[in-house]
Amino acid sequence: MKPFKPPVVSFHFGLPSPELVARIKSWGSVILSSATTVEEGIWLQSNGVDMVIAQGIEAGGHRAMFLTQDLSSQMTTNDLVSELRQHLTVSIIAAGGIGSRSDAERLMAMGCCGVQIGTAFLLCDEAKTSQVHRSAIQSGDSKTEVTNVFSGRPARGIINKVMLEQGFISSNAPCFPYASIAMAPLRAKAESQENSDFSPLWAGMNTKGCRQSSAAHILQALS
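Here our numbering is used: the first residue of the sequence shown is 1, the next is one more, and so on.
Read the hints as simulated data drawn from the structure, not as lab findings. Misleading hints may appear alongside valid ones.
Mimicking DSSO-like on lysine-lysine, the simulated pairs with C-alpha atoms at most 27 Å apart in a straight line are [to be verified]:
{"id": "1", "residue 1": "Lys161", "residue 2": "Lys208"}
{"id": "2", "residue 1": "Lys208", "residue 2": "Lys143"}
{"id": "3", "residue 1": "Lys189", "residue 2": "Lys161"}
{"id": "4", "residue 1": "Lys189", "residue 2": "Lys128"}
Construct all of the structure, not just a fragment, from the sequences and the given hints.
In structure tokens form, the structure reads like this:
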């Protein structure tokens, strides 16, 4: 990466070694990482991040949890931002449940320097979202839950058959990343028949902002 000197480098699940963090900073790169609790935010600030992404429980995909695996510690985006504002001096970016301009404006008014949005772009023209994933979002029954059955780590996705049968959080799920390897044959077979029963349909709690359009049009509507 050094020859490219990326202006921004963002991490999930904490940070790499202090030596690598220092090397990245020597390139002039800004370092971001996600926090799901106040304790994680404080740790990230103490270990050299320039900005903290406040990942609320509403966010889709993998929880960034790295100091705890206790799901009861997870907070809403609003509450997490409010708490982090009291403890951090670095800039905060909000993530989770943001599907409209008003959502973004509310969080910016709370003191965030920006917002990070994922789910709202899942149906955009440029997204590589699979057809079974798109169909699940558009079905009108896109309720989500946090589960570990697909990867071994807690992650939020649209509820499907395997989540209901195995339980959202299962002690039988192989450790990360082996659960995804174990699930792969079932997923491939089901998806070949346009069936999403064994697919990780990552999405946040707020799918109302999803729309079929270009990424540029979606971004314009959000800003």
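Checked hints:
1. Lys161 <-> Lys208: The hint holds at about 22 Å.
2. Lys208 <-> Lys143: Holds. Lys208 to Lys143 sits at ~11 Å (cutoff 27 Å).
3. Lys189 <-> Lys161: With Cα atoms ~15 Å apart, Lys189 and Lys161 stay inside 27 Å; holds.
4. Lys189 <-> Lys128: 19 Å, holds
Hint violations for this structure: none, all hints satisfied.
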